[in-house]
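Participant: Each chain is listed here by its residues.
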Amino acid sequence: MNRTLKVGLVFVLPILVYFLIFFIYPIISLFQNAFTNNAGTFTLANFQFMLRDRVLQISLTNTAYYYIGSLLIEYSLGFIVAVILYNYTGKLTTVFRTIIILPLMVSPVVIGLMWLLLFNQTYGPIDYFLKLLGLPAINWLGNPGWAMPALIIANGWEYSPFVFLIIYAGLQMVPPQLYEAASIDGLNRFQTFRYITLPSIRGPMIIAFLLNSIGILKGFDLVYVLTNGGPGYATYILSFYEYVVGFTYFQTHYAAALAILYLVIVGVFVFAMLKLTGAEKYLGVERIKE
Amino acid sequence: MKIKLTTVVVLILLVLASLVYIFPIYWTLVTALKTSLEIFTYPPIFFPTKIDLGNFYQPGNVFGAVSQTAIGSVPWMINSTIVAIFATLISTFLIAAPASYALVRYIKSVWLARLILFMTMIPEAVFMVPFFLIVIKLNILNTWWALIITYISFTAPFATWLLMGFFNDIPKSVEEAAQIDGLSPYQIFYRISLPLIMPGVVAAIILNFISCWNELLYALILTYSPFPSGAQTVPVFLTSFIIVEKSFAWGGLAAAGVFTMLPTIILGIIAQKYLARGLTLGAVKG
Chain A
0 MNRTLKVGLV FVLPILVYFL IFFIYPIISL FQNAFTNNAG TFTLANFQFM LRDRVLQISL
60 TNTAYYYIGS LLIEYSLGFI VAVILYNYTG KLTTVFRTII ILPLMVSPVV IGLMWLLLFN
120 QTYGPIDYFL KLLGLPAINW LGNPGWAMPA LIIANGWEYS PFVFLIIYAG LQMVPPQLYE
180 AASIDGLNRF QTFRYITLPS IRGPMIIAFL LNSIGILKGF DLVYVLTNGG PGYATYILSF
240 YEYVVGFTYF QTHYAAALAI LYLVIVGVFV FAMLKLTGAE KYLGVERIKE
Chain B
0 MKIKLTTVVV LILLVLASLV YIFPIYWTLV TALKTSLEIF TYPPIFFPTK IDLGNFYQPG
60 NVFGAVSQTA IGSVPWMINS TIVAIFATLI STFLIAAPAS YALVRYIKSV WLARLILFMT
120 MIPEAVFMVP FFLIVIKLNI LNTWWALIIT YISFTAPFAT WLLMGFFNDI PKSVEEAAQI
180 DGLSPYQIFY RISLPLIMPG VVAAIILNFI SCWNELLYAL ILTYSPFPSG AQTVPVFLTS
240 FIIVEKSFAW GGLAAAGVFT MLPTIILGII AQKYLARGLT LGAVKG
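Chains A and B are the protein sequences, given in the same order. The first sequence begins at 0 in numbering that gives the first Met the number 0 and counts up one residue at a time. The second sequence begins at 0 in numbering that gives the first Met the number 0 and counts up one residue at a time.
Hints listed in this document are in silico derivations from the structure and should not be mistaken for laboratory results. We put the beta carbon where it would ideally sit given N, CA and C, even for glycine. Any given hint could turn out to be false.
Stated by the list, open to error - Dumping the calculated DSS-like pairs for lysine-lysine here, alpha-carbon to alpha-carbon at most 30 Å: (1) A:Lys90 x B:Lys3; (2) A:Lys274 x B:Lys49; (3) A:Lys217 x B:Lys49; (4) B:Lys107 x A:Lys5; (5) A:Lys130 x B:Lys49; (6) A:Lys217 x B:Lys245; (7) B:Lys171 x A:Lys5; (8) A:Lys280 x B:Lys107; (9) B:Lys107 x B:Lys272; (10) B:Lys272 x A:Lys217; (11) B:Lys272 x A:Lys280; (12) A:Lys280 x A:Lys5; (13) A:Lys280 x B:Lys171.
Said to hold, decoys possible - Listing some non-contacts, in silico: residues in chain A with all C-beta distances to chain B over 10 Å: (14) Ala63; (15) Leu71; (16) Thr196; (17) Thr276.
Based on the sequences and whatever the hints tell you, model everything.
Facilitator: Here it is as structure tokens:
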């Protein structure tokens, strides 16, 4: 055997074992469970049940609502704050940056607790401010119509710094010569942003979109702590429903079928995003071929 | 004059944004420092006049119910620390460092790289049933190993991907020089290349430690009692505390929340320089 290949195989062996334990085995186990019943005989019942499972339909709709709402808030807020900090020329840049990214370091469970305190209808500061502004107080977590917006607000607070961090880092990498050229050409502020800045941060913008999307689709903790799916099924999302089926009702086989559905949704999403946006280039998959 | 105006507007907007991001943390901190009399009052008190540390170590007695205490979270913290340290070190040194080095220098397989990337994107919930079944089969439910093993599922691909970028930055000439000096490929790896990417290794360790410390789902299904009898971690402690006492023991809860977030905030600030690079899987080097 070629010596280089041999050395390479030794180094790569642990991660191959890793794939066996953490990818191949779980996938086989999922299919084994999803296509059998408690007696261990082959069945399609789990997948047939999905088609008439009302709670699953609600969970999927909620997941879409949660995803779109969170993405809109996180992407726009993170982007705007990044542009603002980029335009700041004072000495406090590091201080502002540190404060803005604090939520990324806080455990989602603690974030759930924070927003429980903030959203409280009687003693919480949010409803207090609403009343100060002459608006009616909102029963954020108890009202089925407001629970999802509340969840999206909390999630937006948690992850908009993520988009901020990526976009801000991208903005700092724009070569200053480009701006000099723009000012020589007589471009105004808006034109400079549109024709110089935006095209230069295309990569970070795509990465932020992809990774933020995946982060939202992975979500579980905040729902579990802040609303626990409620009121009723108002904040059931796919991950939470799968957990309830598997570990509250102990229907392991149906939970496995739901996990396959979940994996397919995330897989198709990731694949489509990588193909449509060319994100692989920015993540550096190709660099290893050099 | 026009420039000055924009500077002022930018500063005002930045202060507003900072307030938005710091207020929930501030509110949790002041709630922890208030007495229950000050917590349950309207209008809410934004600047408490005196600081009361009782919530951190005294069992609360609010509305006639005795609550858990923040200091009571120590047995859970022990578990969290041990699990996070072992999962992080095993995945970094035994799996990620050699694998990322091999991918960059020896086995240049794009497909293997894609698979690692995909592993970082799979939601934890997808594999919770198989992992639960493995843990039952191995008879390690409610032990450190149950969590260490399952946490490796997400720490290893993350560290591998991050370290690939760092290894890629090492000039090949450095390794070629070592080769001429007669070092074997294995010696080059752990005497030359690995020490050269120490900042990357430290970043991977800190960021993975934070994700292990914060992890909830696997700890929820795989553990059921605190140290010394079991392996339950801080997020599970806090979650059950929240579910049982969320309507009354706010001071104690907020204090426990402060305890839980303090270690990761400190680590996060230390690793701030690498946060962008780490969280974007190396795509942005900021």
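Participant: Looking back at the numbered hints, which does the structure fail to meet, lowest number first?
Facilitator: Those not satisfied are hints 2, 3.
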